[in-house]
Amino acid sequence: MPAGRIVVEERQLTSSAPHRVDLKTKLLTVFVVSTNVLGNFAMSWGLKHQAVDLGLSPLPYIRLIFTPWVMLGTTLLILWLLSRMTLLGWADLSYVLPVTSIAYVFSAVLGKVFFGEQVTWQRWLGTVFIVVGIIFVGLTAANTTKQEPAQ
Amino acid sequence: MKWLMVALIVGSTVLADLLQSFEMKRHVVSVEDLRPGRLPGMLHRLAHRGPLVLAVFFMAISFFAFMKLLSVADLSFAVPVTAASVALETVLARLVLREKVTALRWAGALAVACGVALLAM
Numbered sequence: 070m071p072a073g074r075i076v077v078e079e080r081q082l083t084s085s086a087p088h089r090v091d092l093k094t095k096l097l098t099v100f101v102v103s104t105n106v107l108g109n110f111a112m113s114w115g116l117k118h119q120a121v122d123l124g125l126s127p128l129p130y131i132r133l134i135f136t137p138w139v140m141l142g143t144t145l146l147i148l149w150l151l152s153r154m155t156l157l158g159w160a161d162l163s164y165v166l167p168v169t170s171i172a173y174v175f176s177a178v179l180g181k182v183f184f185g186e187q188v189t190w191q192r193w194l195g196t197v198f199i200v201v202g203i204i205f206v207g208l209t210a211a212n213t214t215k216q217e218p219a220q
Numbered sequence: 007m008k009w010l011m012v013a014l015i016v017g018s019t020v021l022a023d024l025l026q027s028f029e030m031k032r033h034v035v036s037v038e039d040l041r042p043g044r045l046p047g048m049l050h051r052l053a054h055r056g057p058l059v060l061a062v063f064f065m066a067i068s069f070f071a072f073m074k075l076l077s078v079a080d081l082s083f084a085v086p087v088t089a090a091s092v093a094l095e096t097v098l099a100r101l102v103l104r105e106k107v108t109a110l111r112w113a114g115a116l117a118v119a120c121g122v123a124l125l126a127m
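Top line first, the protein sequences correspond to chains A and B. The opening position of the first sequence corresponds to residue 70 in the working numbering, with each subsequent residue numbered one higher. The opening position of the second sequence corresponds to residue 7 in the working numbering, with each subsequent residue numbered one higher.
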């Protein structure tokens, strides 16, 4: 291989390096998805097992928050909120949104397994679309507004 | 009631996400800030940033509307249908936040939006 070509290829690799999704962004994405799925599941479990009529008054909501499953769900969703805020500082909104959408797929699976909710073929097809979309977005640069987090 | 809650969730989620993304890009949180010893300080700083406080307000609206939605609809309906915001937010990320949304990312966002629509059927 000619030396000039090697130099060109090295430059291309170097210039594409900032666009790679680094390990900490990937790990934080996994944490964001996990807390979201488990938080929604705990909330749903808690709400399904409470015979409370939720109207417009805030009191039943506040009372519900202090039941064990809803409290666990709320805690996980607070962790989700904080970790997602951090992730939004590291990556584009238009990247974070589709990539974390895998949570919808896991929620549908949990709904079927634990609540016996009906998952039709349309929903499974929707799952395939979401996964394909995530793969597409995952191939793009995570942060295009160029503000790297301080190390 | 079900669709009113969906509209409330989507609207408040879009506003909350735009505000969060805008503000978190201005003051990026480092890996060191995520250590347990530094978390209280980080939370204190976050709590004093106006756009983030406003974002949390919109998220609270979204949260309570989501609780109401969960009490009247299946989890496998409630979670995916609220993701209608994905397409809307991608457009706004391009227009408002000036993110470079490539053809591949548009295709991905569109696929996710279609997937969400199918999940909600």
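Treat each hint with caution, since some may be false.
[As the list claims (entries may be wrong)] If you only want the chain A side, here are some residues facing chain B, beta carbon under 10 Å, derived: (1) F135; (2) L157; (3) V197; (4) F198; (5) I203.
Source of the hints: derived by calculation from the structure; they are not laboratory data. Just so you know, even glycine gets a beta-carbon here, dropped at the ideal spot from N, CA and C.
Okay, the hints, checked on the actual structure:
Of the supplied interface hints, the one on A/F135 is violated, with its beta-carbon coming no nearer than about 13 Å to a beta-carbon of chain B, more than 10 Å. A hinted interface residue such as A/L157 counts as satisfied when its beta carbon comes closer than 10 Å to some beta carbon of chain B; here the least separation is about 5 Å, so the hint holds. Checking A/V197 against chain B: minimum C-beta separation of about 7 Å stays under 10 Å; hint holds. For A/F198, the suggested interface contact is upheld, since its CB lies about 3 Å from the closest CB of chain B, less than 10 Å.
Using the Cβ-Cβ criterion of 10 Å, the hint placing A/I203 at the interface with chain B is satisfied: the shortest such distance is roughly 7 Å.
Hint 1 from the earlier list is the only one contradicted by this structure; the remaining hints agree with it.
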